[in-house]
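Protein chains in written order, with the working numbering: chain A, 17 to 483; chain B, 3 to 302.
Hints may contain errors.
[What the hints assert, rightly or not] Residues of chain B clear of chain A, computed beta-carbon distances all greater than 10 angstroms:
# : residue
1 : Phe-28
2 : Val-58
3 : Gly-200
4 : Leu-215
5 : Leu-258
6 : Thr-280
[Said to hold, decoys possible] What the simulated footprint calls covered on chain B by chain A, stretch by stretch (three residues with Cβ under 8 angstroms from a Cβ of chain A suffice, anywhere in the stretch; the number is not a length):
# : segment
7 : 103-111
8 : 165-174
9 : 268-277
Just so you know, the hints here were simulated from the structure itself, not pulled from any lab data.
Ideal Cβ positions, reconstructed from N, Cα and C, are used throughout, including at glycine.
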Amino acid sequence: MRRFRGIILGLFASASVAAPQQSPGPQRQPVAVVTAMIDAAAPGSVVRLPPGVYEGNLVIRKPVTLDGGGKAVFDGLGRGTVIEIAVAGVSLRGCTVRASGDDVTGESAAIRAITGPVTIESNRVEDALYGIDLREAPGSVIRDNIIHCKPLDPERRGDGIRLWWSHGVVVERNAVHQSRDIVFWYSENLIVRHNTVTGSRYGLHFMYSHDTTLSHNVLSDNSVGVYLMYSNDIALTDNRMINNRGASGYGLGLKDCDGIVIKGNALLANRVGVYIDNSPCSVGSTGLFESNMIAFNEIGLLATPNTHSNVFVANAFIENEQPATTHGRGQLTSNVFARDGVGNYWSDYAGLDLDGDGIGDTPYEPRSLFGAMLTAEPNLRLFVHTPAQRAIEFTARALPELRPVPMLIDPAPLAVPPTVGSEIADAPGSRAPMAALAAGLLLSAIGSAFALGRERRALPVPEGNNA
Amino acid sequence: MTALASSAITASDRPLGSAATPARSFVGGIAAFARREFRDAIASRWFLLYTVAFTVLAVGVSFLSLSGVGSHGFAGFGRTAAGLLNLVMLVVPLMALTAGAGAIAGERERGTLIYLLAQPVSRTQLILGKYVGLATALVCSLCIGFGVSAAVLAWRAGGVGITAYAMLVAFTALLALAMLSVGVLISVVSRRSAVATGIALFVWLTLVFVSDLGLMASSILFRLRVQEIFSLAIVNPMQSFKMAVIVNMNASLDVLGPVGAYASFTLGRALPWVLAATIAAWAAVPLVLATILFARRNSP
């Protein structure tokens, strides 16, 4: 619609020769108009773009601030990278950047910087293969951008935001939808906070990127919320990973990472809450999981059998279909589930706290027979949520010789769930539709009871019909 | 049962069609029997008992799932739904099977069936009418349980997951219709109501526990492939129901491991429809069989 209107206005503008140069309303012009404006500006000055649609591929070679005021649109017309920043000190803000090319080999992006620092702020990216791509652009800032990638199959998509060899970058308050990843390659000392990623493959993906803090990000409805790979000394605090699913869906995945601190996060309703693949991997290194809420996942904690030296303390494992298990055979017993007499809360803990010290009187030692069967025969997962599953667990409780060895031992399970550091707000939502559904169901039941259940006014009964 | 028996007798004292006029239309006859069956059902103790039990359990599950740790929006709703799923899979087939089992065998045993057959309606109309009446009563009972439970959800969790909840209600109703159908078939072939109830309980046990445990064992013993396990599993209406509810909540069956992932991958968008169709087949086929068998019988 907007495009259509733009065409009409464009025709109108070109038809009326007398029209002033800065006619209001969106207008289609070649991107060379912007190049000319940049060329005319002094380095370091602010170039304010008049509202309009600028078509083509722009390369910025002068350190200026390009301000679209929220009404300038860069349209790549489906070819190549839309805006390339080739010089340090450029700021790009308030622009809509759309329709990059979609060739995977060229890695077309909406906005690409090949040097830094640059500032990319408050832009809107639509229909892009890669959203914002920083290559060797240290010290840059990517803030308040909204990024929608091309509606391609997941394996054909590009990354919403990609950093390549860019240390000390701030990535904050961006919203990415339908991309591959927000991915960080070989980039250290980053600040990654308050970002939202939905409908993508990995929310936040770290490759060989060390010494970073991730906080207050929300990663929902992706395949994986946060996946840290070969990246050391990362602190993950107060993030929310919700409903990340799929055949390899994880809230948080850790692959060969040392010195990881996971604190105050909420991992809810994922296929797997936390997946640990050989982390920590160096001798003497540990991983710390403290005060996280790990709830409503199919599997709370899943780890490869060689996983060891992780410390779990004061986490709340609530209503996970399987609280903790290994990927393959073996147990989780080379990890530590209590520190200084404080363990974790497990909602399936059946013990008591008679002395009232907040710690359960007996250790938590989960021995689920069905869980053990699942480990041996993954196909049996079809039968979760069935009465038959409950029957198997009941049998195992009744017949101790059938009980498997404990998956882990928490010597000091908490009697009440700890308060998790991050503020976990309930999802907002109007009550009206649910209340209407409730009323509808009840009224239809009562209504039909009245309509059908009422005695009909008796017809005059023929004499002979009385038995 | 005594209430049912006495009400059945009083009901059969009343004219169903107007005996003075020629037989009603086909649908009219069914409607008359359906109204009578519905009235008898809601006046009887089993209906009240099941409704109260189902409502209390549904509300209990909703409360428990949402209490203590906060609801966490969608996530908390998932838990509620999983709890309700277990409840429905245990209770609803039991309600429907036993209700269906009592439909014909009870009246036959008490001798009231012969009075009903003396009315100017066909046997087909009678059995379909009974089915429709009982089905309406069952669905009403479910609506009350789910309605009160929805009120609890609205109060505690807001409008989260409303589509999934509505689909849960719809599929539960479909499951109830299927199990009622099986119950009615059992009732037609049973001479006595105790036998019918016995068979109904046996069928319930088989569908709820034995078939799943059997399939688990066979999948391990015979190294069944995922497509074989899936095909065998959806034959059980309980499994189809479970998968249908989960697929509506998660849009994918990855929750159910390799077999679920296989089903989502191969059937894609058709999956919920395939599942609904298998449950619908469980509703249609036994009912048609029951109607044919009942219509062919010479004795009541």
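(message) Taking the earlier hints as the rules, which of them does this structure contradict?
(response) Checked against the structure, the hints that fail are numbers 4, 5, 7 and 9, while the rest are satisfied.
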